[in-house]
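Since each chain sits alone in its own frame, please combine them into the complex, following the hints.
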Amino acid sequence: MTASRRDWLVLSLGMMALIAAIGLQVDRDRRFPRSAQESDQVLYVRSGAALKRLTLGFNGIAADVYWIRALQHYGGDRLIKIPGAVRYQLLYPLLDITTTLDPHFNIAYRFGAIFLSEGYPGGPGRPDRAIELLRKGLVAMPHKWQYYHDIGFVYYWHLRDYKASAEWFQRAEAQPGAPSWLKPLAATMLVQGQDRASARLLWEQIARSEEEWLRKSATRALLQLDVLDQIDQVNAAIRRVPLSPGERYSWEMLARRGLLRGIPADPTGVLFVLDPDTGRVTVSRDSTLYPLPDEPKRLQ
Amino acid sequence: MRAIKTVAVNVFRESVRDRVPYNLVLFAILLIASSFLLGQLTAGQDVKIIKDLGLAATSIFGLFIAIFIGIGLVSKEVERRSIYALLAKPVSRPQFIAGKYAGLVLTLAVNVAVMTCALYLILGYMSWTESAAFKATWDAPGADPAILKALLLIFVELMLVTALALFFSTFSTPILSAVLTLGFYVAGHFNADLKNFDRIVESKPAVWLARGLYHVLPDFSAFDVKTQVVHGLPVPGWYLLTTVTYGLTYIAGLLLIATFIFARRDFK
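Just so you know, the sequences run in chain order A and B. Start counting the first sequence at 263; every next residue gets the next number (my numbering). Start counting the second sequence at 68; every next residue gets the next number (my numbering).
FYI, nobody ran anything at the bench for these hints, they're computed from the structure. Some clues are possibly wrong.
In silico DSS-like links for lysine-lysine, alpha-carbon gap of 25 Å or less [to be verified]:
#1 B:Lys156 x B:Lys72
#2 B:Lys202 x A:Lys478
#3 B:Lys216 x A:Lys314
#4 A:Lys425 x A:Lys445
#5 B:Lys72 x B:Lys143
#6 A:Lys398 x A:Lys314
#7 B:Lys202 x B:Lys216
#8 B:Lys262 x A:Lys314
#9 A:Lys343 x A:Lys478
These figures come from a predicted structure and were not determined experimentally.
Same shape as in the complex, but just chain B (with noise of 0.2 Å):
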């Protein structure tokens, strides 16, 4: 478990030494600049678009960190050489994959958190500077407690997107895996289409084949209750915690084979 964690630290100082951080200044500007632009362009639904804009850029910011950073991982080791140092110390290859795994959310989760505070920030000013008569045309609360819904599904897609990566990375070539990823996050949000087959193609092995990737496939679509909670929708807490617990089964499933192959892996 100590092992674990000096890894995990480790990426996470590795990835506030590449600026990652950075990306919170930006988040923080995007939503003051649109909060101040948008009230004169949109006809009065600024809260919305807010919430809709914290929502995607948190989502989007959060991808690129799980990707670009999550690629390099294990082959950034491998082509530095410093993973021989690595492995000779009391750290076994599962301990690494975990560590690195562990740090890469542990970086996301900060990421996460501080774009939520500022995102709650910017709704409860606006929500505090508008009159009730107004505040009473908009579909949910300003700083309504329901987005926090909306962000753990976020959290939870961007610690399976990182998986994904991480597992690419134990056997592919960094450009790979990140195509590798994409590939399977934009797939992964065409997984309703591959469900419904049927209703296009006749053909039985087709159909088979579609309705086997709808299943292997990891269904990102799930994730997404954005439009529900901005719009003051119910998310019921039973569906939440389905779409967790697949979340989280799915990431295991992936670091596990992910351990396995790194485990084979001859560095020679």
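This is chain A alone, in the form it adopts within the complex (with noise of 0.2 Å):
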């Protein structure tokens, strides 16, 4: 044999060996399956302050991986359909980290804040991290009118605290480069912050913003607000249809009588679903509009 051909020969051979060894890494990953969770559920270092320092200067680099992680995360847990599953347990620390290493990474405080206080299962339906994310925020940029808005937001939609609320589109108002928007929205909150009006008014200002994400929270919003007046005026003509002793609510007992022509669709084509014992409707937990802002808490 040439020493060329023998070379060759040690280059296949090393080919072969390597193919070889995919060969079995895939079979064995077929024998003994790995969770998808095994590698995203870690966080090795939960201190930002401590990962700051250990990246030497390279924090910028280090925080966009962390927030690619926090989307993934989010993302990932949302699309988990098993019931009761924990979710969304490293979505706070995540953020957390990633705003420490870059404390001016605005999108992180912002998204962070509408992934946190998002109700289960779209979220982990945390808005009091929300508002701890969104302080931390004021702390490196003080003048940042969206956060003090973002705030007062989560105090109205989530937490339901319309003087907090309103406190806070006050503060909002108040920061260099505010629109003039806030100052009305603030009072609207005080006098009635529970009108869906008022909600409606809030979402449209968001639908306005000039971030996409936000955009598409707003569109969902605003859809879910159609959704909930959709339901108002079905239930209100469900009430009137008197039930025979024994008889339950369903669709085609309401189709029958003449009260609707088919079974009712949210805006995503979503059917409603319909309690045949109360006879109250609600949107399927299959929409993507679910679980709407004022779903009673069992529903969740």
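Rendered as structure tokens:
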């Protein structure tokens, strides 16, 4: 065998060994499946301050990595379909580390607050953590009116504390560059905070935001408000239907009585759900609009 | 001056022969691939992340070049015994040190310049393809000229690392030089902690020692304005000037001491 042939043989054997190793790995993974959460759910360093030092000036790029992890964690956990599964456990630590590494990471505060305050199963339902994160943002950027506005919004939408909400909108309005619509918004919160029209007013303002994700959130919330109006109308119609003894509510029964032409659906096209005992109509759990903001706790 | 230039050009040529420019290809691939992938992963933060990535990569690639070539600048010549032939020529020892340093700085300058162009090209393309409404959400313009401020300080920082590596390589082995340079680089980033040591320790001598180390160790953390630049925060011209002057003064000190050590070194 010539030296050249021997070299090619060695190279071929090496390549074959590498391919065999990949094959063995695939086979092992098939026999002993690895949990997808195994690698995802680990947070090796929990202290953002320690991490900031360890990154030796590369804290900006490290913050980006943690931000991507936070997005993947939130998005991944939203897709889990197992009822009662523990979700979003690392969301706040990941956002906290991101904003410690880069205290000017604007979007991490704003989107992070949306993620944190979103009710279960769409989010961890932690408006308190959302406010904590936004307050941290205010330490780094004390004149950012958007953070004051977002805190006011969390108080309004998730905590139903209209007085606190109005106070934060007033503070937002006092910041340089704040839009003029914040002042009437604060007044509206104080006078008629519980009114659905106030909520619509607020979301319509957010829908004009420059941030695409905020606009998407606002569009979804406005659809939810439409659904609430729709459900109110259907429920009012159903309440007018007297039930015979032993009779239960059903879409067919309501259609037979000429109340509805068919099964009503929400704006995403998912059919509403009718409780046969109470006759109450709600949005389906399969809908992207679930849960609605006023949904009773027991459904969550 | 001519001798310094000759040595410097040779160092540059040697670095090209050692395939150092390959890192530029890697840098370009990294940036281009990231610019396509990040849009899907980062909720509209791709421009910020490209800036972070570009600046971090410029710094890290430069750091590796500065350390791993810097430590061999003198020791390689000694190991290969080519130092005898070199010093027999009309090249004095100080000229040799200055030439070696200038050659590696030239390599780094070309490296940083090409990386800067690549970064601006990618950022310019991203700015061009985005809508005006979306660009309004950015903290700073895409191809922001202020990025040059961060790149300038990165370059001076790399010059300082090179001077450190060269300094150590005049009296120690390559491995020890690498460890010491890297150690000083890490310690230099913890400088702020040394300055504020009195907040955690009551012992006066310990505080004085920490304060002394704060002044003696190179203050690498001062060269980091990446976050400010990425977020469009102001970096005053006076800060740039004092930091660059600090860096150049420290480099001059290191090179002079390196020259002194090298001049007294016996190669028999």
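Inset, instruction - Hints the structure violates: just list their numbers, smallest first. - result: The structure breaks none of the hints.
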